[in-house]
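Trainee: Next come the chains, spelled out residue by residue.
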Amino acid sequence: MDDVSRAVEAALFAASQPMTPQALATHLAHHGGMEGADVRRALRELSAHYEGRGVQLVERGGRWHFQTAPDLAHLLRPVHEEPRKLSRAATEALAIIAYHEPVSRAEIEAIRGVQTAKGTLDVLLESGWIRMAGRREVPGRPVIYATTPAFLAHFGLNSRRDLPGIEELRATGLLDPVDTAMEALMGASDDPQVDQVIRQSADGLAPEE
Amino acid sequence: MDDVSRAVEAALFAASQPMTPQALATHLAHHGGMEGADVRRALRELSAHYEGRGVQLVERGGRWHFQTAPDLAHLLRPVHEEPRKLSRAATEALAIIAYHEPVSRAEIEAIRGVQTAKGTLDVLLESGWIRMAGRREVPGRPVIYATTPAFLAHFGLNSRRDLPGIEELRATGLLDPVDTAMEALMGASDDPQVDQVIRQSADGLAPEE
Amino acid sequence: MLELDGWEGPLDLLLDLARRQKVDLRRISILELVDQYLAYIEGAEALRLELAADYLVMAAWLAYLKSSLLLPKEEQEQPSPEEMALRLQLRLQRLAAMREAAARLMGRDRLGRDVFARGAPEGLAVDRKAQWQCGVYDLIAAYGQVKARSIPVVHRVAERKVMTLDSALTRLSAMLGLRLDWVELRDFLPEGVGEWADERLRRSALASSFVAALELAKQGKVELVQTHVFGPLTMRRIG
Numbered sequence: 001m002d003d004v005s006r007a008v009e010a011a012l013f014a015a016s017q018p019m020t021p022q023a024l025a026t027h028l029a030h031h032g033g034m035e036g037a038d039v040r041r042a043l044r045e046l047s048a049h050y051e052g053r054g055v056q057l058v059e060r061g062g063r064w065h066f067q068t069a070p071d072l073a074h075l076l077r078p079v080h081e082e083p084r085k086l087s088r089a090a091t092e093a094l095a096i097i098a099y100h101e102p103v104s105r106a107e108i109e110a111i112r113g114v115q116t117a118k119g120t121l122d123v124l125l126e127s128g129w130i131r132m133a134g135r136r137e138v139p140g141r142p143v144i145y146a147t148t149p150a151f152l153a154h155f156g157l158n159s160r161r162d163l164p165g166i167e168e169l170r171a172t173g174l175l176d177p178v179d180t181a182m183e184a185l186m187g188a189s190d191d192p193q194v195d196q197v198i199r200q201s202a203d204g205l206a207p208e209e
Numbered sequence: 001m002d003d004v005s006r007a008v009e010a011a012l013f014a015a016s017q018p019m020t021p022q023a024l025a026t027h028l029a030h031h032g033g034m035e036g037a038d039v040r041r042a043l044r045e046l047s048a049h050y051e052g053r054g055v056q057l058v059e060r061g062g063r064w065h066f067q068t069a070p071d072l073a074h075l076l077r078p079v080h081e082e083p084r085k086l087s088r089a090a091t092e093a094l095a096i097i098a099y100h101e102p103v104s105r106a107e108i109e110a111i112r113g114v115q116t117a118k119g120t121l122d123v124l125l126e127s128g129w130i131r132m133a134g135r136r137e138v139p140g141r142p143v144i145y146a147t148t149p150a151f152l153a154h155f156g157l158n159s160r161r162d163l164p165g166i167e168e169l170r171a172t173g174l175l176d177p178v179d180t181a182m183e184a185l186m187g188a189s190d191d192p193q194v195d196q197v198i199r200q201s202a203d204g205l206a207p208e209e
Numbered sequence: 001m002l003e004l005d006g007w008e009g010p011l012d013l014l015l016d017l018a019r020r021q022k023v024d025l026r027r028i029s030i031l032e033l034v035d036q037y038l039a040y041i042e043g044a045e046a047l048r049l050e051l052a053a054d055y056l057v058m059a060a061w062l063a064y065l066k067s068s069l070l071l072p073k074e075e076q077e078q079p080s081p082e083e084m085a086l087r088l089q090l091r092l093q094r095l096a097a098m099r100e101a102a103a104r105l106m107g108r109d110r111l112g113r114d115v116f117a118r119g120a121p122e123g124l125a126v127d128r129k130a131q132w133q134c135g136v137y138d139l140i141a142a143y144g145q146v147k148a149r150s151i152p153v154v155h156r157v158a159e160r161k162v163m164t165l166d167s168a169l170t171r172l173s174a175m176l177g178l179r180l181d182w183v184e185l186r187d188f189l190p191e192g193v194g195e196w197a198d199e200r201l202r203r204s205a206l207a208s209s210f211v212a213a214l215e216l217a218k219q220g221k222v223e224l225v226q227t228h229v230f231g232p233l234t235m236r237r238i239g
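Residue numbers (the numbering used here), protein chains in the order written: chain A, 1 to 209; chain B, 1 to 209; chain C, 1 to 239.
Do not take every clue at face value.
Below, a list of computed lysine-lysine pairs in the DSS-like style, where the Cα atoms sit at most 25 Å apart [stated by the list, open to error]:
id: 1; chain 1: A; residue 1: 118; chain 2: C; residue 2: 22
id: 2; chain 1: A; residue 1: 85; chain 2: C; residue 2: 129
id: 3; chain 1: C; residue 1: 73; chain 2: C; residue 2: 22
id: 4; chain 1: B; residue 1: 85; chain 2: B; residue 2: 118
id: 5; chain 1: A; residue 1: 118; chain 2: A; residue 2: 85
id: 6; chain 1: C; residue 1: 147; chain 2: A; residue 2: 85
id: 7; chain 1: A; residue 1: 118; chain 2: C; residue 2: 129
Calculated from the structure, these hints are not laboratory results. Nothing here was measured: the structure is a model prediction, and the numbers come from that model.
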């Protein structure tokens, strides 16, 4: 490996910006007569050398720089999945979409009786359980949302018709009004104990003595 | 060039810190079973490949990184900002910590014969070359200091064993405290040679010319 | 005029003076070194006191060392001046060793000064993606709650058979009339057959009988004993 190539390789490696052959020649000329032509030849040789390696020497708009091979991106920035419990607001929004699809955000809010934060629907979109299903042809043309096949798969449903109807919900006590103190408690419904209470009250049975 | 070598090459190019083979394997294992042994083999092959090039793959304290070849310093130095120069006090304190680690501030001061300003150790801590390494279990429980992997990387040392002259210093007892050295000399003072040493040092009249 | 600013303390100055003897540190003449030091300090007329204190202490100690070294052997105290001299020499050797080590360390090919890391590393990162968890029960329960909030609510109080306090009082008073010893409250309850098989009615009977027992105790007609919390409640007629 010749001196010019070594110098160019080192200079581009250490540079914090992509560099033109001219800038390289100027920098490296401090100690010895390096010509622009030498630098260009070295760049060609180096880029051939790095072909197929984990690192590549590439030219972008006349400036050269090293970069990692594009096909390795998934290795260098791997995606790590972390289980996280869906918030209550998101669960309600998802349920409303599932029962009423397609629905707009305004319709979800009308049913929930509270505003739905932008982030809530984003979370559901990220989960892959809902998708944007076009726009409602009313003033403002709001986006409408619907569930996805991934939604059915995740919840083990053959179709949305498998979701229990209103009468079934009433029969299992799921429509029993929840008293406000309970509701406050359920803000913290990550707590399995509270879940337990909900389940019990939902069963319509008085808690055991 | 095999996949593991490509991945390791790309990962170390992209890394902003030197990495252990284990950390590399962990990072790259997100997609595919990469073993520490594979990574170590790739590191050896890569470091052989880069031998003599403008960029080198080096190991410092068990961590690997790419850096420019030392003989190109004169070409690259003008382009890069010179790191802040250490004061003499900081330089000496750093050497004492490196050669004696772990040491307390009092021990550093005992060797230098002068108090160490608060700021001196702060500068070294800030540079990331030294760290607090616990406390000495003696009255007052003083903090003790040791060097870091960044110290080895900065000074181009594979390990502390590579500190210039450390073996010789250890062999001649120059890393032992004065008290220990005195004891050794006095304890063995039946030895006429040691008597000789003591006499000579005290003998102001006859230094050898 | 001499200055002390250039020295990192008296030991540093001593080391520099010792080096001027141009011999191995193990062979320097301590007496000569003492003289050199004292001469140097004398020469430094414009001593800044805060800077000079350490140097003056060292000067005094060296003067003492010198006189001890010159005294006849038999008048020497412990530690011997030879030991003190040796100790000084060992300290100078150690300082010299570290000074040289520092110089060699600083002279190495240093990262960021002589060798350079990648100028613009892309960085290694792990993208964290949430894997959202939600069960089908949570989903349905959530819908139920939404509906429960919006569906008009009609409250109906179901008619339910209970044992009233009055009937419990009558019943208890009558039964107490027949018993003189301690009886547990539960033994006063109706047999669990027929309509009394209904658990809810039995609970109502227990609650009413309990309140009735308290009322009778208040009226001074019975005494109640419970030995421990949630233990059996026993009662006895008074008089």
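Trainee: Under the criterion that the straight-line Cα-Cα distance not exceed 25 Å, is the pair residue 118 (chain A), residue 22 (chain C) satisfied?
Mentor: Between residue 118 (chain A) and residue 22 (chain C) the Cα gap is close to 81 Å, so the pair fails against 25 Å, i.e. violated.
Trainee: Are the Cα atoms of residue 147 (chain C) and residue 85 (chain A) separated by 25 Å or less?
Mentor: The given pair, whose Cα atoms are some 22 Å apart, holds under the 25 Å limit.
Trainee: Would you mind confirming whether the straight-line C-alpha gap from residue 118 (chain A) to residue 85 (chain A) stays at or under 25 Å?
Mentor: holds, 18 Å
Trainee: With a cut-off of 25 Å on the C-alpha distance, tell me whether residue 85 (chain A) and residue 129 (chain C) pass.
Mentor: Satisfied, since the Cα-Cα distance of roughly 13 Å is no more than 25 Å.
Trainee: Is residue 85 (chain B) close enough to residue 118 (chain B), meaning Cα to Cα at most 25 Å?
Mentor: holds, 18 Å
Trainee: For a C-alpha distance cap of 25 Å, please report whether residue 73 (chain C) and residue 22 (chain C) respect it.
Mentor: Status violated; Cα separation ~29 Å.
Trainee: Please work out if residue 118 (chain A) and residue 129 (chain C) have their alpha carbons no farther apart than 25 Å.
Mentor: holds, 18 Å
Checked against the numbered hints above, the structure breaks hints 1 and 3 and satisfies the rest.
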